[in-house]
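Engineer: We have chain A already, so just place chain B on it with the hints.
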Amino acid sequence: MSFQACSDKQNFDQFDDLQITPLVASSLFSVEVTEPFINTIPAVNAFYSETFNFDAFTERFVAESLLEGTISYEIENTTSKPVTLVIEFLDAGGNALDAERFDIPAAPTALLTRDVAYGAGGKALDILINTTDLRVTGVNLGDNTSTSTETEPKISLKSAAEFLVQVK
Amino acid sequence: MKFYGILIFLFFSSVLMRSQNRQLLFDFDEIPQSLMVNPGADTYHKCHVGVPVISVFMVQGATSGVTVNDIFADDGVDINLKVRERMLDGMNSRDDFSITSQIEAFYVGFQGKNRPENYYSFGMYGETDIIVYWPEDLARLAFDGNGGPNIGRQFDLGDLNLRGEMTNVFHFGIRKKVKDNLTLGFRAKLYSNIFNFKSTNNQGTFLTTEGEDNILSNSITADMGLQTAGLNEIRDILRDDTDTTREDLTSLFTNRLLLGGNLGLGLDLGFTYELNEQTQISGSVLDLGFIYNSKDVLSYTLEGSAVNEGINVLLPEDINSIGEDRWQQLVDEIEAALPFEENEDNYIMLRPVKLYGSITHDWGEGASGTRRENCGCAINVRGGSSEQYYRNRVGGLLYMIKRPLGVQAALTGSYQRRFGRNFSVKTSYTIDKYSFSNVGLGLALNAGPVQFYILGDNLLSYQNIADSNYASLQFGFNILSWNDN
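Going down the list, the sequences are from chains A and B.
Just so we're aligned, residue 0 is where the first sequence starts under numbering that gives the first Met the number 0, counting upward by one.
Just so we're aligned, residue 0 is where the second sequence starts under numbering that gives the first Met the number 0, counting upward by one.
Any given hint might turn out to be false.
What the hints assert, rightly or not - Reference listing, derived: stretches of chain A covered by chain B, where coverage requires no fewer than 3 residues with Cβ under 8 Å from a Cβ of chain B:
1. 7-15
2. 58-64
3. 147-161
Just so you know, the hints here were simulated from the structure itself, not pulled from any lab data.
From the three backbone atoms N, C-alpha and C, an ideal C-beta is built for every residue, glycine too.
Looking at chain A on its own, in the form it has when it is part of the complex:
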């Protein structure tokens, strides 16, 4: 559709080419477990395991317009024991679509960060779009008697996402 008359030529079909693609950022979930609590659980057993509903990815706004994204993790271990953390992405049938595993040495250790890309050049977007639940598991690979000399020793897992979504 064009418009002329005492006017330079206009082309309203350009509206079709307009793209609105905001970068949406939000935290996802965090888990923080103190060393005294870990010590109450027999070693080698999971000191924390929980599957919880997580509809953020299947929200229509995200699921239908997600172009690409990154999930960032930050893990800090100030306890006296090495631990393993696993985050599983589950579909509606309880099937694991993907997993992120973190093996963290005992303190002192540096802050562990990991950015996982989805979409172009990264993992499949379908993993996120079909994820309805997350299962987070923490396993103590050390003993359940030692105590760290750090102040308020704990294991902390943080996560956030930045998604590029196509609004138009």
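Structural biologist: Frame of chain A, contents of chain B only:
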């Protein structure tokens, strides 16, 4: 695409025209409609009848930001680049898009038989007035999001400001010459509103920063609202989309036009004072009034504050909540802290008050045949001659209107040339927030008892109307009886 094209055209065509200032009509006393912008204006008529529906057709619109051409010129430049440079980076929250249109159903005026110093007029017209301010921060949030470089940026939710209405107005006015040099007038108005909406005085922020319990923290504080009246039933009819949609809409609009809508009252006041035979000052205040909305009211509020750092599990504190629906708990917490609610509470909507003030000076006596004797009636007579006796008039006009973000003002200089009683031309130059190059032209032409007039603004922009920040056009026909006829 055609649908989008029409929408775009309608939206930006409104942008081609400007707000409610009617500077060409003010002090253009040959046109009876000048009484509508100053009920205390001079008039030379014994009576007038506006030709129904076409005595006034006026549409005005404005944008203080981009023009149609800025975005849709067929220039080969990527529209995404144009939108970013000219809208997102080029406009701010005080820029606005506005449109005003007016169609006069009928308008009649006559000189009092027993009180010739009075001139009575009454009529009905429909008016649409919409103004939308550019929601600077909300647009930035929509286009760029809160991630990446916008982490740490505070988005102002108060940038949402809009107001609109479609109203039918029944009016009755009296213009009275109280002294030889003073004329006063008022106009009472009864409003029957078809629909209106407003979202003003919003406050709030949205901010994404480094979190405490998680990597990021999204915090929002909002005190926002949108009030609507009359839109809900229209939406229902359109949504049902039955075979009778057109008839249903016609019936609804007709009913609301004829006092079936939300009602209100208003008042216009005006005066003309002659400093001497050739110089006069005049002024008016229009639409001192309100509409009381009690029918088909549906309003929305978003009030509260919330902070989101995602799902947070602390052990051992949360040991007993393992297995609970943490996602739903998070959603519920946010909704409780920041409820989005509807209500049907009655509300008052004030009309956009307008104020005019002018000074004019006349000179250049016309031919003796054009001189009118003092009839002692409603026409302004100065020392035995009517002001029409002077061929030339120069004037200055200040216009102000109350808008959601404050008062908007415009300053106009004008020159009017009369060629006898049957032809008059007026030109004007106006500066305001929309343009510094607004040259307008108006003319009134009488052929016997029939008058045709046309008033156009910002004529320089007509060489590329799509690149105009505003334009205004008004025209109409009247049947006149001159006072000495």
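Engineer: Against each hint, give a clear statement of whether it holds in the structure.
Structural biologist: Here is what the structure says about each hint:
Coverage of the region 7-15 of chain A by chain B holds [criterion: at least 3 residues with CB-CB distance below 8 Å; count 9]. Only residues whose beta carbon comes within less than 8 Å of a beta carbon in chain B count, and the region 58-64 of chain A has 0; fewer than three means the coverage is violated. Against chain B, the region 147-161 of chain A contributes 4 residues with a C-beta closer than 8 Å to a partner C-beta. That satisfies the three-residue criterion, and the hint holds.
Of the numbered hints stated above, the single one contradicted by the structure is hint 2.
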